[in-house]
Amino acid sequence: MTVLGQLSLWLALLIAVWGSAVGFLAGRTERPELVDSARRAVYGLAGVIAIASVSLMVALLNRDFNVAYVASYTSRDLPLIYTISAFYGGQNGSLLFWALVLSVFAAAAQWLSAPRYRFLMPYVGAVTCAVTLFFVIAMVFAGNPFERLPFTPADGRGLNPQLQNPGMASHPPFLYLGYISITIPFAFAVAALLSKRLDAGWIHAIRRWTLLSWGFLSVGITLGMWWAYVELGWGGYWAWDPVENASFLPWLTMTAFLHSVMIQEKRGMLKKWNVILIVLSFLLSIFGTFITRSGIIASVHSFTEGPLGFFFLVFLVLSAGLLFWLLWTRLPLLETEAHLESMVSREASFLFNNLLLVGIAFSVLWGTMFPILSELVQGTQITVGPPFFNRVNIPLGLALLVFTGIGPLIAWRKASTRNLQRHFTVPIVSAGIVGILLTAIGMRQFYPLMTWVIATFVLAGIVQEFGRGIGARHRLHDEAYLQAFVRLIGRNRRRYGGYIVHVAIVVYFLGFTGMAFQQQIEASLRPGESVQVTSAYGREYTFTHVGVSQYNALNREVTAASVEVFEGDKRLGVIRSEKRQHFTCPVPVSPCPGDVPKERSFEPSTEAGIRSDLRQDIYVVFAGVVDGTEEAVYRFTITPLVAWVWIGGVILVIGGLTVMWPGAVHARRMTNRPIPGYNVKLVGEKV
Amino acid sequence: MTRDTIQLSRRVLIANALGLVAVGRPAAASTRGVKVGRHDHAHALEGLQVQSSPDQSDSSPAKLSKPWLAGQPRERIRDADNDPFIIEIERQVKCNCGCAHSLYACRTTDFVCGFWQPLHAEVAEMANQGMTAEEIIDAYVAKHGTQFLMAPPPHGFNLAGYLVPSILISLVGATLVFVLRRRVNMTSAVSTGSGSSAGLSDSEHARIVAELEKLGS
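Chains W and H, in that order, are what the protein sequence lines are.
The numbering used here puts the first sequence at residues 1 to 687.
The numbering used here puts the second sequence at residues 1 to 217.
Simulated from the structure, these hints should not be mistaken for laboratory data.
All of these numbers come straight from a predicted model, not from anything done at the bench.
Every residue gets a Cβ at the ideal spot worked out from N, C-alpha and C, and that includes glycine.
DSSO-like, lysine-lysine: derived pairs with alpha carbons at most 30 angstroms apart:
{"hint": "1", "chain 1": "W", "residue 1": "Lys272", "chain 2": "W", "residue 2": "Lys414"}
{"hint": "2", "chain 1": "W", "residue 1": "Lys266", "chain 2": "W", "residue 2": "Lys196"}
{"hint": "3", "chain 1": "W", "residue 1": "Lys272", "chain 2": "W", "residue 2": "Lys196"}
{"hint": "4", "chain 1": "W", "residue 1": "Lys272", "chain 2": "H", "residue 2": "Lys214"}
{"hint": "5", "chain 1": "H", "residue 1": "Lys214", "chain 2": "W", "residue 2": "Lys414"}
{"hint": "6", "chain 1": "W", "residue 1": "Lys266", "chain 2": "W", "residue 2": "Lys414"}
{"hint": "7", "chain 1": "W", "residue 1": "Lys266", "chain 2": "H", "residue 2": "Lys214"}
These stretches of chain W come out as covered by chain H in the derived footprint (C-beta under 8 angstroms, 3 or more residues):
{"hint": "8", "region": "345-352"}
{"hint": "9", "region": "358-367"}
{"hint": "10", "region": "380-390"}
{"hint": "11", "region": "516-526"}
Given these sequences and hints, build the entire structure.
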């Protein structure tokens, strides 16, 4: 099968070259046979890359350890789910996964959008083929997943234990889907620039793709946070690691685009800015991958094998250069159709929201790259860690939260004093009351307090909007309140779905404030001994060490330490934290016979024990034992509101799906209707 | 006040603002939220109350059959391990385990790397000698290098690291306000001049705007 995979990659290389060349030619000449050929190349590319992917998956499932990639990332006892996730768990496999998803998305874009945007599609095909070509080249010349070993080992090395977690099985694909799907809106933007058809057509074409991409990125980032929290054992979920930052950067620019595009749709403004944002998002997604692959910056997540970083750097520089030239030459065609009428308007508030989002993106990028810059300028290495990012970004984040509240409430074009009074009185008063209450109960930390005050402002505004909409439907259509609520969202999914996303963002922020009230303590306990910790809510928790046990489980030997937890006098249960030593079997038999001495594959990994509820998480980490006895060293952490971060993620998905959900049949017909101007058949045209 | 003292004071302010424990000697040996008190147990922690019930506690805990499976051998937790003064210092300096963690995160999270142990002992020893936080950090950086700080000291070129984002955002924001104000003025002048809405009463204008909003939303 790997021979087939290898052949498929070479075929993919040829098709991608053809698709790129013929696509650009078809876009330029608009010759129908070239247009068809470019489209077929996109479908063909998806087909051959799918064959290559199936070949790798078969090799993984068959445990073909003669294939270097399979031997490096799987073992005989690796559970099926992680054998499948090993497909993208290593560098070379992740490149194939990237190429697969991109080619499938490109084919879907051709399939779904071709009738309506047929003048853009050849260029779209050309761009997607060119980007896929880069990944195929990277695989063929620098990271071939089908490379064979000169011998066949009895067992594979196995997947890194930290990747053997449900969060890691789902987090990378979602993140990749987010990164990759940005290519589709980017391809439409480039197509519009190349074809000089810079009206609203391309904006309509990418609306759902952009939301999809943003949604995948959001889910991917949240799952990554969850994985880091449950798996890495440090009791937090975001450490401003370069690779985390790399995923955050395109999310910020995409979020900016999702807001600014509304101004272009409604007012014909910010055309240049929107193209720049899409191009920037694409470049940042490639930059993120470059950081992960090159190892230029130390990160716990990075792959640093081989010359791939150089490939990405060349691609990044070339793409940036070409795109800059393209933007520069098309700027005169991107003139605005209207001007801002008032500084107190939704347009202005979106502009400042964009400034903050891009400003945060810049500061994160700046902080991430500053160690390299410092080394170049000063010749000394420095570290830019969480203290730097928190200092710079927390105030910006709070300012952004303020605009999250202002944006939906303020009127388009020009807000009158009456409009301001009508929409802002309740949110401001609510925020003031919450601020006073929290201060009265003793919350003195500035940033958490401000977060709660601003969050209240945003939430009150959204509740007010829903309340007014529901009230109006109730009065006008005599609908029950619940029915009115459902129909209100159903009739205007984009607006109310957007509000739901804003609620999610607020919930995330509130969850983040819990970190400021984290309690953490280390203790070494003998069986029967206990330690007490008081939570931020003033409740006393007693942790009593039960004991340490050792046993075999599937592909690992486990050392588990358990504590019994009491909240005051109420028993909450037993929390167990583990050390896992993974092993490989020196004989080619599965399961490995008990009498065969196993070989350790990785250093012991730690599994935190977590008891989570809406108030707080109790997080127990078994750090090791003293003198080889049952006397265990623990770290106990109590962090308020962690669950709300994950709840925020769920709400965000609900909001995103609400916005993206296809409309009624009538609405679909309207969207599929060709745009005037695009269906004009020119004299002598053979289409 | 020296530059480093100012720098540390800023850190204290920020740490306080973020809800973190301030860098400073605790009035009494206490860890925030943790019950504190001296006790008589043989391996008692000065800053941490460990209680043992006589009927349950093992005087000599059983040996594990395969202790090497439980990771790096550990020592008993000492007072210094939970001292907020030391913890806050260790949150500002880095370990050399090859990760991006602070010394505190490293010693309480990375159970594979053992490099943190001498570094932690170093900080604890300096604290024990009565050195202030800034003295400890300065000594640590002098010995290991600036890259062992979790954030670069805000002077010299590093100051650019802190200031460039805020300055740039402020500059762009100010330019944006300036340009937009000019455009708004131009637009309103053109609007008044053309008389496009001059014939409308306030209520008519408001109604049209509302209708347009309804259409658009």
